[in-house]
Structure formats: C-alpha cells, structure tokens
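Engineer: Respectively, the protein sequence lines represent chains A and B.
The first sequence runs -5 to 597 under this note's numbering.
The second sequence runs -5 to 597 under this note's numbering.
Hints listed in this document are in silico derivations from the structure and should not be mistaken for laboratory results.
In this text, all values refer to a predicted model and were calculated from it rather than measured experimentally.
Hints may contain errors.
Same chains, same names: a pair is fine if it fits in one copy or spans any two.
Below 20 Å or equal to it, Euclidean Cα-Cα: the simulated EDC-like pairs (lysine to aspartate or glutamate) are [to be verified]:
(1) Lys328 <-> Glu339
(2) Lys40 <-> Asp73
(3) Lys381 <-> Glu456
(4) Lys77 <-> Glu46
(5) Lys321 <-> Asp30
There are 2 protein chains.
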Amino acid sequence: MAKEYVDIATLKYLLYQVHGVEDLLTAERFQDYDKDSLDLFINAIKEFSDRELFPYFKEMDETPAIYKNGTIMVHKQVDVMMKKGGEMGIISGPFDYGDGGLQLPFIIHTASAYIQEAANNHLPGYAGLTQGAAELIVHFANEDLKKTYVSKMLSGAWGGTMCLTEPQAGSSLSDITTKATPTQEGYYKISGQKIFISGGDHQYAENVVHLLLARIEGAPSGTKGISLFVVPKLRMGKDGRLTNNDVLTVADFQKMGQRGYATTHLGFGDKDDCHGWLVGQAHKGLKYMFLMMNSARISVGRGGAAISMAAYQASLEYANERPQGRKLSSDGKKDPDEKPCLIIEHPDVRRMLLLQKAIAEGSLSLVLLAAKYYDIIQSTKDPETKKKYGLLLEMVIPIVKTYPTEAGTLSVSNGVQVLGGYGFCSDFILQQYYRDIRIFSIYEGTTGIQSQDLLGRKVPMENGKALELLLTEILHTITEAMEFDELRSSAKILGDKIKLTRSVLDFLVPFAKKGNYERFLSDANLFMEFLSHVVIGWLWLDIAVNAQRNILEGDQTYSKTFYESKIHTMKFYFKYELPKTGSLAESLMHPDVLTTNSKKEVF
Amino acid sequence: MAKEYVDIATLKYLLYQVHGVEDLLTAERFQDYDKDSLDLFINAIKEFSDRELFPYFKEMDETPAIYKNGTIMVHKQVDVMMKKGGEMGIISGPFDYGDGGLQLPFIIHTASAYIQEAANNHLPGYAGLTQGAAELIVHFANEDLKKTYVSKMLSGAWGGTMCLTEPQAGSSLSDITTKATPTQEGYYKISGQKIFISGGDHQYAENVVHLLLARIEGAPSGTKGISLFVVPKLRMGKDGRLTNNDVLTVADFQKMGQRGYATTHLGFGDKDDCHGWLVGQAHKGLKYMFLMMNSARISVGRGGAAISMAAYQASLEYANERPQGRKLSSDGKKDPDEKPCLIIEHPDVRRMLLLQKAIAEGSLSLVLLAAKYYDIIQSTKDPETKKKYGLLLEMVIPIVKTYPTEAGTLSVSNGVQVLGGYGFCSDFILQQYYRDIRIFSIYEGTTGIQSQDLLGRKVPMENGKALELLLTEILHTITEAMEFDELRSSAKILGDKIKLTRSVLDFLVPFAKKGNYERFLSDANLFMEFLSHVVIGWLWLDIAVNAQRNILEGDQTYSKTFYESKIHTMKFYFKYELPKTGSLAESLMHPDVLTTNSKKEVF
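Okay, chain A solo, but in the shape it has when bound (with noise of 0.2 Å):
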C-alpha cells in the first residue's frame, strides 16, 4: 500500500480559490457556514478515511463480498462507514435542516466523498446510494413515507438502493417488465427481478429500502409507463414491528473490481407478498429518478477522479523511491559506474506521471464546478441565475460522468506502467485501482449513453443555449489568461478549439435537420471525446490563471513552486493532451460512414 491516497492542498486550492466556495456561502441556505467551519469538517472526514476507509482497501479487495445462506457477507467496515459515517453527517450533508440535514454546500459534501472514495472506493457507495434514495423520498414522496423512512436513512441505520436495472433490459429502461398491482390498502404488490443493484444486501443492514422502477398494470408501453416505488426489505408490520417484505437476495455479482461491494441481484414478490409504495404520481417514475440523476452521475464522476488521484499517488511515490537506470549523457550513452538515478527523473516516467496529475486534477476540478453549479441552482433566489446555471449544469453532466471515469482509466494504467512489473502484481495497489476504475465508465449510463445525451439532447437543448452559455463561460476564461504573457500562446490555442467545435457542429448538426439521427449521433463517442478535451483545456487554463495571478500578486496561501506546478501542468495538458481535439475533429468530419449500416457480414 502507498502512504498517501490524496492531495488535500491541491483539493483545497481547487475549492476555495479556483472555484471560490466562500461565494457560495452568501446564500441564505449556507449562512451557518464559513471556510474554517467546512475546513474543519473536510479535516475530520480526511482523519476518519485515514483510520477507517484506507487501511481496509486491499483487505475488501481480497475478501469479497459474498452470497452465504441468502445474504450477503460484506467487511465489516460497511458497518463502520454507516453508522460511524452516518454520525458524521457523510449521508445527512446536503438535506435540508428540516429533513434532518446539515445544509452543507454540495461542493463541500462532494470533497468529502471524493476524499472518502480516494481512500476505498469499495465504501463510499453504501453512503452515496443510501442518500439517492433518501433524496427521492424527500423530493418526491408523501410525508407518510418520509417520517417512516428518511431518518433512518439518513443516520446510516437503515441503507438505501436505486433498483433500474433488470436482466432483459440492461440500460434500456423502456423494457422494464417489474409489475405493481394495485390493492385496496394503497400499497402496490410488486414481482420482478433486479439485477446490479448496487449495496442491495448485506449482513449488517437493519434495513434496505430500495427505491424500484416499476410498470403498474395497464401502464403505457415505454418509458412513459414507468412508476417509482419505495419497496423495503423489511416492512413496518401493523404492530409496529418490522416484518419480512418478501424481497430475496438471490445471488452476489463477482466482478473483477470493487470487489467489496456488494453488487446483488434480487427477486421481488416470489411468494406474492412484497408491498411498494408509489412515490408522487403514476407513470412519473423515470421522471423522478431523472430529476435525482445529474447528482448520482456527479458521484460517478467524482468516483473516477478520486482513484485516479489515489493511483498517481501511489505510483508517485513509487518513483520518489525507486532508483533504476541513468540519464542518457550528451552522446547518448549511459555510464554504468554512475550511481542509478530515481525513475522519476526519467522523462517518459515524468510524462507518464504528468499525464495522470493533469487527468486527476482536471477531473476533479471538472467534478468541483459541476458541484459548484449545483449548489448556485439550490441557493439561489435569481430565477436568472438559477435557469442559467441549470442549463450550464445540463450541459457538462454528460461530460463530468464520462472524463474522469474514460479519462481516469487511461491515468490509472499509467500508473501501473510507472511500476513495470510489480504494477501488474498484488503486492502492490496499482493493479486493484485498474481492476477497480475500470466499472466507472459503464456505471449510471455508459460512456456511449452519455455521449448519446451530450451530442442528442444537450447540445440542441433550447436551440443550443447551454452550449452557448458553456462556451461564452470559456471564452471569459480565454480573454483572463489572454492578460498573461506566460498564458497567452494557450489562451490563443483554446480560443482555436472553440472555432473547431462550432465546425464540427456546422457538420453534424445537419444530418439531424434532415432527419438522419443515427448517422448524426454515430460518432458521438468522438464528439465527447472533443469536448471533454476542450473542457478540460478550459478548467486547466482557468487554474492556470490562478496561479499565475496569485504568483504576481505574491500571494502566500501556498508556495511559489506550487503555482508554478500547475501552470506547468496546464502547458502539460496544452502540448499533450488537447491536441487530440485535432484528430477527433478529422475523424468527426470524416466522409465515410463505416457504423450505420447493419450489415452483420462486416465482422
């Protein structure tokens, strides 16, 4: 195991300065916070993943979560990370006062679960879904259903599951076949099978309410027919006890990471007996969860961001350590008496340490504005404010689940590479952050159902003004760093990225006006892609003018050396990285259309 899974500074530095949280704290809704009260929150939570998160993380990998005598057997940390969690207010942060939160800023709560998730990404899921749920019920649900169910919740005593997934479905939720039937005492009797519900069981729940998608009969075909329904594991029987709900644990993924989280399949009404409770209105269920999704789909993004910072740490410190070949010298030879040198000075490591600072920090920096904007739509009382950062908040969704997870996983075989052989062996922890990343990309919608709704639904959403809105955001970036010499030449290339992305829409954007949605939306991977990489040039070029500013001003807040390392790893990102946005705009504009036909003689 490394030492260190994450870099608080850096965290800090991106919370208060870069995306400025004291702002946020004008809002009525944070007014009991201030930067020394949410410090001292982030230092707590930073203390606890160091005692209770980060020391168990190859001990879960190493011993599963596994299916005995029909449930599940998990760590026994999942217990801890509830309820000691729980306390510490990792589930309750972001709810209001009056449903027994802490209105904590999400940006705060989403640098406390990064930093949770950084140290054992096998952990923080039971919080995140139990929270989710818990969101649902207050959002959606009747006061009934909250008093019987939020505290509970949101103390850690009882978990909480998102159940959208069934085995003939998989992300085409239209097929969801799950059946509510009606009864005369308001509930609904539920039967179907749910499949890759994650944190689903285990031995140390009192209780799991699972918020479930469902058909009620008769319901409209497609997602338009699709009801939400709290369905608990153990109902409250009449005399106020709980009683079994015939919900079944039938069985326990076995992945190849994330091992220690349970990834359950479970059977709803086999003995005709499981009660569902609707939430709000009939066939309004897809509705709902959408409504709850851009937070989940911030969770993922953030979940990325933090294994690829905890594996740059890990291979970080292994090139600090491990003396092995020599500097080439002027005539390109080496001279073996000299003493070997650390492989951090070799340049193809330092490039390769690099590539995963500037992946880690632009993802988690990407995650922080998602985060931020958020928060702004939350607190504000502008309803210009709250419409403007609701559609910027539309628009880099898509992007903030798919960079740092695609992204991130790049990062982490870096890091693997970094060590050579030992990388690849258990004995140390790059290999478990590769095997572990790589379900992030596939998680709340595939990178290719997000590029779907990036290029589909984002990018034409109200005649394009959230694209418009991201952009001019951009270009408000581009004339700050135009200021500085040292940014100018980069300002100047971000600025030519901008032209390209209205080229590249200039030639997609018809083939939708003319009806031709497959071939318009068949390379939205590529366009992703793109505009991940644009907006992260953005996010880098934005910190970059940070720290340029605090170097001139003097500022003190951090080292000389510390700003100056971002601004080389924004140069970093500019000369390796952006570039890409070239290829991807040829191929994007590419003649040939080579996947639209369904010609299987192809293959």
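Using the hints provided, position chain B relative to the given structure of chain A.
Structural biologist: Just chain B now, kept in the frame of chain A:
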C-alpha cells in the same frame, strides 16, 4: 465462455494471400513443406487448442499457480501443454533438422502459437520460454551442453526459462549482480536472486533449464560484463543421475492476470552449490540474449494480437445475441412498441467492434510480417536480401512488440464496454482478457524501452537506412493502391503521413545531433504511437489492395463479402485511427519542453 476465440479464415488469408507464405517455401530450408502440409499442421494445432487449451482458460484464472512447500503448483494442463504439445512440435517446430527440429517456417510456428495463445494465454509461455532457452543453447553453447539439454527441452520433458531480472535492477540489466565464480572443474558457481521468472518452476517439470545472466568476478561494469550461463534446476551427477543444483524456488508472484502462468522468484546458490556452465564467451551474454530477443519480442506482440482477437470474438458473439434498445427513427425518437434490436445494430457498438477488428487483425498482420522477415533472413542465400530484411526486421521489431500490446489493451477495453455491466462480471470472459493483456506492454522491455529503441537506435541505424527501407515498402503499397478507385483516397492520405513522418524526424533529429539526447528521446513514446499508426495503416492498405484485386479478379477463395469486410475495416482504420498521427505530430513538434527537467516540485 464464448464459443470461438480465433478467426482461422482471416489467419489463413493473411498467411497465404497477403503475406504469400507459399513464396517462402521455394527456399531450400522449407522444401519439405507445401500449403497442404502447413494447413494440416495449423488444423491440428486448432484442434489441440479447442480440446486442451480453451476449455481450461477460465479455470486457470480461478485456480492460479501457487507456491506450496518449496514448489509451485500449476494447473494440470501445463503438463499436457508441454508433453502433448512437445510431441506435436510446438517447441521444436522452427529448429533445424540437425538439432531435432522440424524446420517449420517461423511464420507458421507463429500462427500456431497465436492460435494457442488466443485459446488460453496462460499456457503457451511454458513452451515458448523453453524454446527460447533451447535456441540460446543451440546457437551459442558447446556441443556438450547441446547434447545434455536440447532434446529433452524440445520434447517438452524439461522446461526452460530466461533469468534476467533482479530485484534491484528491474529493466536496467547493467545493474545485474548475480555472481559467477569460476572453478577448476570448468563450471561456475552461481549465486544471486532472480525475479519475474516466467515458468520458473512447477510440479510437472522433471527439470528446468535456466538461461541466466550473471557477472563473472572481476568483469567490467555495465552491460559489457555480463555473461550467459546454463543453470539447471537439477544437474547431471557423475553417476549420470539428476541431482539437486541448489536452485531454490523462493516464491510465486500473485498477479492481476495471467494467473495460471507461474511468475517465480528464484534463488541460486544459497548453499554455495549451484553450478552454471558458461554459454559461448565470457562477457558476451547480453549480446547473445539480444540476438534471440527479436523472436521473443515477436512472441509478446503475438500474445497481444491473440488476446485482442479472442476478446473480439467474445464481444462479437455477445453483440450478435443480445437484444437491447431500439434504433433511432427519423424524428430521433424510439418506438417502445417495436421489438428491441440486437446491440450489434447500434452504431456505437459497431464502432467498438470494428475498432477491435481493426486492431486485432492489423496486429496479426504486423506479427506475421515480422515472422516472414525472420524466415527470409533464415532461409535466403542472397546476402543482400538477408541484409535488407535484417534491417527491416530490426526496424519493425519494437513496433511489433508494442502496437499489439498497447492497442490490444484498448481493444479489449472496448470489448468489455460492449458487454456493459456484464463485461465487468466474472461470469463473462471479457474481464479476464482485460486483466491478462495488461502485462504484455510490460513484458520483454516495456513500451518506454521499446520506444527508446525505436527512435534512439532503429531510426538512426546505418544513417537512417532501415527507416528508408521501411518507407520504401510503404510507398510501394501506396503506388499499388493508387490503381484502384476504391482505395485511391486512402492511398493519398497514407502518402501524406509519410511526409509527416519526415517532418517529425526533421524536428527531432537535430536535438540528437546537438547532443541533447534526453530531449531527442523524451517523447519517444509518442513517436512509437505515431509510427505504429503509419505502419498499421500501411498493412491495412496492403490487405485492402489484395482484397480489392481479388474482388475484381473474381477470386473465389473467400466470399466477396469477406473481401469487402477487409476493405471496410481498412476504411475504418483510416477514418478513426490513422488521424491520431496528426495530433501526435502536433505534440511531438510542440516547442514546450516539460518532462526533461528534474525538479521534483512539479508533482
């Protein structure tokens, strides 16, 4: 498990039609072979792999090689591989008749090993390293050593290894410290530790013959003081019986992939009784090792190609069977009452499958090309031909080692993504391919080391002659392709990439000339990726020329759709992969120098 793991039709097409194996058979060395006998051999290997290798692939992952009481316990198929495989000639194949071999063309041996590796990549290494060790003995050792070891090794009765890596030295062979002390009796006493020794020991090996690098006392420092020794686990006693040679199996490394393939830590001479016999002359060990390294590097590239093919077959099978979602209609909507389509009909899934196909088959063609060069060198009597293909082989070797392993990793990751959540689950095989292939860009010189070799040694070789020969071959294919309307635009694009290659080198080479080798080589990794794309683009264009010619000539060896699928895949490569050269060139010629300073504060 999937049903199929290899595409034999494409393999034979590449062998006979694209790479013209029959032309090789005119050489005296191969005079006993014709296409029928080669086909018989390939078919027998396929049948053997179907029966003895593929069915045990998952099992070997789930019951990994494990150290117990001083020996390493491996799966029983290791024994079958060595003994039955040995009988079939999988070890002896390419050796001379005089050494007990079959004088099989190396390209056919490569095809055979490729099939085995696609079936179960945990097994062929046991035979492959035995072969490599025997090759060193055959080429460089004295008759006594040959007589003692070679026939036992070629039959599979005794295993063989390459013992290079030591804990403190890693990739830096100049820092090897294993000691060899001369004795009056002619042998040397060996003492030292070797790690990462593949197939270093197991319960089925009657004996294991280690080809070990060590330093004779008083030898010069660095790579010029390293000698090669034969060090058997059991040595021949004076009574003609095998006796313990003080080689200790210290441990077996547990890894994230290739878990059935033992990776051992060996100790030599703990009791001061380990005998080793010098191979060839003292201090020439590394030279001998590197003379054999080309075939070892072809083998690693072959493994990457094989795994990406097997993963492609598995994800293709899934995509052809799994219904999910619907195609978009002309208003961009989906009709939920329509029957779900197979996922192979979704453009993004087709893109991922075509990417896999382009990488898997392109890699295979590259590996076969190198094997063909190898055969020409071995079998020609014309010194100029030998020289030409010698240079061509040297030029492509680092790419052959790297592209199939790096692009293969990307390819398999796309295979995982095709399956969505199932791709991450142990019940499906994709996750195993994903874990297994990750070691291949580390084996036998990491990608970083291959890239230094490519740009630092191969490009400048004989004043750039090797590179010129390669570019001439590419230009020849471009000229051929220009004759076909269907291929002309692709041919022109590849022509532009040749010019771009020269521009990149015109930018980089002056750094070397000015003695700034560190700067010259700092982005060697990017140059590797750049030139790999040019080379694979070339090989795809070459395939397309062949396919187009066959279509026009009405060749019936394969169906028209088969030929069309090859042209389609070429176009895919030219649309989606080849453009990456543009952004790589931009990065390579970027003025910023960001990885060659040695300040640690950047991180």
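Engineer: None of the hints should be skipped; say for each whether it holds.
Structural biologist: Comparing the hints with the structure gives:
Within a single copy, Lys328 and Glu339 get their C-alpha atoms as close as 14 Å, which meets the 20 Å cut-off; across copies the closest is 55 Å, which misses it. Taking the closest pair of Cα atoms, Lys40 and Asp73 come within 20 Å of each other only inside a single copy of the chain (18 Å); across copies the shortest separation is 51 Å, beyond that limit. Within a single copy, Lys381 and Glu456 get their C-alpha atoms as close as 12 Å, which meets the 20 Å cut-off; across copies the closest is 66 Å, which misses it. Only within a single protomer do Lys77 and Glu46 lie at most 20 Å apart by alpha-carbon distance; the minimum there is 12 Å, versus 51 Å between protomers.
Neither within a single protomer nor between protomers do Lys321 and Asp30 lie at most 20 Å apart by alpha-carbon distance, with minima of 46 Å and 53 Å respectively.
Of the numbered hints listed earlier, the single one contradicted by the structure is hint 5.
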